[in-house]
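Undergrad: Residues per chain are reported as follows:
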Amino acid sequence: MVPQFTGRQINSRVVTLGLSSSVSHMNTQRQFNPLNLGKRSGLLAGIALAYLGLAQEGFGQEQDTAGAPRVVSEFESKLRPFIEAHCVRCHGPRKSKARLRLDQFSYDIQDEAGAQSWQLVLDRLNAGEMPPEDELQPETKEMATAIAALSDGLLAAQERLAATGGVVLRKLNKREYENTIRDLLGISIDTKSLPEDGNLGGFDTVGAAHFISQLHFERYHKLARRALDVALGVREKPASIKVRSQVELVRNREVDAIELKCQNQLKNPTGRDRASLGRRMYQKSVVKGAGRYRQLPSVQSGAVLGSPRTPFTRGTKNAILRVPLPNREPGVYRLRFRAGLAGPFDGELDAGYFMSVYHIDGWDAEQTLNESLDTVKLVKSFPEAQEFEYRFEKLSRSKQFIEFQLTEATQDLLLSKVSRSKGEVVTAVWVDWVEMEGPLVPVWPPPVWESVFFAGTSPAADEELAYAREVIRRFALRAFRQRKPSEEYIDGLLGLFQEYCLEGLSFVDAVQESLAIVLVSPGFLYLVEGDAARIDQRELACRLSYFLWSAPPDEELLELVAKGQLADPAQLRAQVERLLKDERSAAFTEAFSTQWLELERLDMIVVNRTFRSFGESLRHSFKQESVRFFAELVRQNLSASQFIDSDHAMLDEALAQHYGVDASPMSGFQWVKLPEDSPRGGLIGQGAILTINGNGARTSPVERGVYLSRKLLGKDIPPPPPNVPQLSTKLFITMRERLSAHMEQAQCASCHQSVDPLGFGLEHFDAVGAWRTMDGENEVDALGVMPDGLRKFNGSDELKQHLLEELEPMTEALMKASLTYALGRRIGFADRELLAKLHAAWKAEDYGMRSLVHLLVQSEAFQAK
Amino acid sequence: MGSGATLALPLLSNSGMGALLAGAGKRSAPQRLVFLNFGYGTSESWFPDTTGVDYKLTEALAPLARHRQSFSVLGNLTNLQSAIAEVHWGATTFLTSANTRSTPGTGFRNDISCDQVAAQHLGKDVRFPSLELTGAQGTTEGAGPGASLAWDVRGNSIPGEWDHVELFERLFGAGNMSVAQRRRLLKQKRSVLDVVRLDARDVAKEVGGENRQKLEEYFELIRSIEGRLGRDEDWLEKPLPKTELEQPSKRLQGSADIEMMFDLMTAALQTDSTRVITYRMPTTTLLREFGEETGTNVMAHAMTHFGHKSTPEYRTLLWRDKKLSSLLASLLDKLKAARDVDGSSLLDNTLIVMGTGIRTGHLLQNLPIILAGHGGGPIRHGAHYQYASHAGRLSNLWLTLLQRVGCQVNSFADSEGPLTEMFG
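Just so you know, the sequences run in chain order A and B. Following the numbering used here, the numbering of the first sequence begins with 11 at its first residue and continues without gaps. Following the numbering used here, the numbering of the second sequence begins with 664 at its first residue and continues without gaps.
Watch out, some of these pointers could steer you wrong.
[Stated by the list, open to error] From chain A, some residues computed to sit far from chain B (all C-beta separations above 12 Å): (1) Ala95; (2) Arg99; (3) Ile222; (4) Val244; (5) Gln256; (6) Glu258; (7) Pro307; (8) Asn647; (9) Glu663.
[Said to hold, decoys possible] Derived pair list, reagent style BS3-like, types lysine-lysine, alpha-carbon separation capped at 25 Å: (10) A:Lys232 <-> B:Lys850; (11) B:Lys868 <-> A:Lys875; (12) A:Lys494 <-> B:Lys986; (13) B:Lys877 <-> A:Lys875; (14) A:Lys232 <-> B:Lys852; (15) B:Lys850 <-> A:Lys184; (16) A:Lys232 <-> B:Lys868; (17) B:Lys868 <-> A:Lys494.
[To be verified] Here chain A is said to cover these stretches of chain B; the calculated rule only asks that three of the stretch's residues, wherever they fall, bring their Cβ under 8 Å from a Cβ of chain A: (18) 808-822; (19) 843-857; (20) 860-872; (21) 875-882; (22) 890-900; (23) 957-964; (24) 1024-1030.
Derived from the structure by calculation, the hints contain no laboratory data. This one's a predicted model, so the numbers in the text were calculated from it and none came from an experiment. Think of the CB as a built atom: it goes at the ideal place given N, C-alpha and C, for glycine as much as any other residue.
With the hints as extra help, turn the sequences into a complete structure.
TA: Here it is in structure tokens:
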């Protein structure tokens, strides 16, 4: 018997689990509460009844389709036996407790009401409320099977029922906004003041997740005014200056200050000082350290970091040098500095002394390492040194610093030498000087100036209005990505211009204020597309450039649009190649890989201090590794199977060291051929992936298993159910013991049995991705089994072999993710044919990552609405 | 109390509780609501074992001891409709009590939060109908979707302010403009909205039906700014209030961040700039403080998923439980010290809720909720109220608070009726 929701349309309020208060209120009036779903169910019973009571009305008529041959789904075959054995006796034709008849529930979930009904059953099972305690209890395994079937079935149903439809009007996300402003005005801005983008389906390009509010509008306006001011506000060519900071002053001041403080404390001890021998010893050691520091030869002309012979007993202070730079206008600057080892040295220069360099910009500098410029390897010894040169961009008008920070591994190395050096050999890092030059202005007046004020900034009085109008109109056209602004709107802006003039603003300032309004108009903030079924060429250019550059179309694309040639498949192909070769395509490879692989989680991981090799620079390298690996697959059109296993890896010196890969000295990142026996290669061996799926202290086979399942097996895992009682709070010794608790409870086992064993395969990698053979006092236990429960493996190499056996689900999931990103909408059940077609085509091209981009752009969906 | 009971309160609230309590002719103090929320849940040991007025404060609540007669612990309250949803959304439905899964397939929808309902009533006579503050940013704060605790009538998130400097400027102004200058500025802002509306109309004509709906958000924001400008015009003659608080100069973290927000909140209430405030407090930066103090670095999520009590996770959680109590105690100190217009203290005229939508781990029932302050008339504080499960809808509390401060509402979300035990 298959009940159907015929009769009348179910009022959505009824379906919505009492979303509006009137629905549930009505139910309380109807006194459903005497019914009880079970001992612990009181709390949730109300709402369950509220819904079910009404849904009952919806069931109303039934159609008996018995006799018709039908296919029994996996959902039904796994679930029905359980329902019939454990539920129907009370919720069936005889008793129908809670006015609930599970015998009438359809196993073919066709609509929201159907999904809701089963959802309630799942919720009761998860909460451990059903069957009631005084009834026969199902076996754990039986329960787990039922819960798994329900969870998976509902997940699939949710997907199927998802409203997909066309592309929803997309607002520029923060990245796109920043790039678009850069394209328009030739400057970079800091978008920190904008609210976070909404996020649906994991990508910031999905239009349905974007929203706009008062706060957005105010911040957009503020940013636009500031950006225009930076871009157009400088009327004279800024003088480029070159300033060299003698860093010894910075360091000596710090040394003097802490010495003076401790001297005073020694002279006039407080009660606390007297009471604590430790404090006195500390104070004395600081004074002694300051004396020793001043005797180092290298401190006469520079600052020394990481030496044990300093007054800084705390490692962090000793390992960091923050040099203030002159506070100059925003723009591009050149940074040079000279650094080496504070030697004379004991001949182990090759051991690897690393120092990270950051540019810190902005008033909240205490908290943010704004831009990591590099991690440098120091190979020369005092008085010899190397010179380094970088460019950085100053965004704000506030204070800025250059910060040098020894990597954790280097700090350890320096510490280890203390005992051996006995005073003669000085092991430390030395920074001689830091130099800033800029702003670098290659062209003057700046191109943006010419493009905005195309006929100068001082029009004749009688032409002023007409000229202002044309300046505004041209700017709006560019800002709107060649969508024509209406005359009425331009007139409105001109009206504002006149108001500003009346107020006493100069011509240029008044224009600038009017242009700021363009940048808060919907034509700029939204990627506007017309109502036609297919997109026109201008819209295609926008989709293409925002897909691959997160930025507006450039001249060449717009020319093709004007000639009407962009939609030609061969031309489109050539353009994709051109856009991907352009360095702006890093916007795509970085944003997509970061979001697909969830790399931003890496910033949130607090790594336990026991992992001495891990530091901010390694964190930075981890992220870069995964991003650059993705970019390299695209660049070389390598197969997506390399995400599972690859004989190459994208490494820098620090990663090679961390992974124990013997590689010749490198500068920056390189595509390195891995040794035969290396466990690296593919996502599984990447530090970022291993670290984010843990808590910075321990590995998490659960999180790793879920991640593997989602990314490499293409299977989503339902979120943990609410209100499952806490796992037992015993103290577990091994990870396996800890996780075996999951198997004791059916609600947990239903998912964990297919997830945890996958994660165990990676146990040879510790919480920060380094190789290990021991886990504490035990040998690493990396035995696992694939979700089918059949294919066993030991360690990641064997796991990879199994994963490579089923490329289809992984590539399908990746394809879906990239389609979501490219189209800016969720991909749902309605897209299954599109996906199948694209996937077949991709398979024929051996899952090449560059081919994937071409396929997406050439697809019907990319050019339809 | 039977579940069929609905409105227990007479329409006392009509005239406003504050007006009723203050003597005739004397300027009465306004009523205010403050909602504080934190990420993830507490430990089980947060909850008192005993109930009633003699309940024993747990160690976690001990820092609140000096305010014992100014707060109560409300036990056994649950957001029924969201107690079946995502397990790490401590803030998303906290004040909406909504069922976010109401339309499967669309993935997510929310409903108006009770602070916004309150703002419609309490916000009429003040510069800012409500203030939304947030310290929690990002996805690992145990807050869930949304950019603050507040959701508008369409179920859209209202982004919260996180920057102390911006907030200070909004509340107390940066420059000294003349009335004429301010008037001109307002007029100009209106013209700006008129112009962007022209483009919005052009866009609306071009895009299809579904997208026009999306664009409605933009029209909505124009309308809401216009509403605010209208309000600003009403306030034109009145200069922005002065405060003794100094303008914050730099971004703070952890408890310093929270304390500064508390200072600004107190100043905002004392100057009657607003009467409704929500604040989603930060979690990760607070824990960093514990890490610096003790060397124990635990991530926020792991904190409530401890195993044995000896784990660093559990110790972190215990520390956070206590920290939250001492932070709340400091807010109550500030409110108590601040004089209201009628000579009473701000604490006398404010109701403060602190809590979250997660009990601990993945449990979404029987939430940790504290109600403090004496706003809305006499409350029998100093007790641990344990609500019977059928009355234990959190929406009942929201309804109660709304009614106590004078909002004329009969129901909120899935509420059944106000909680009466604490009053009268």
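Undergrad: Going back to the hint list, which numbers does this structure go against?
TA: 3, 12, 15, 16 and 22
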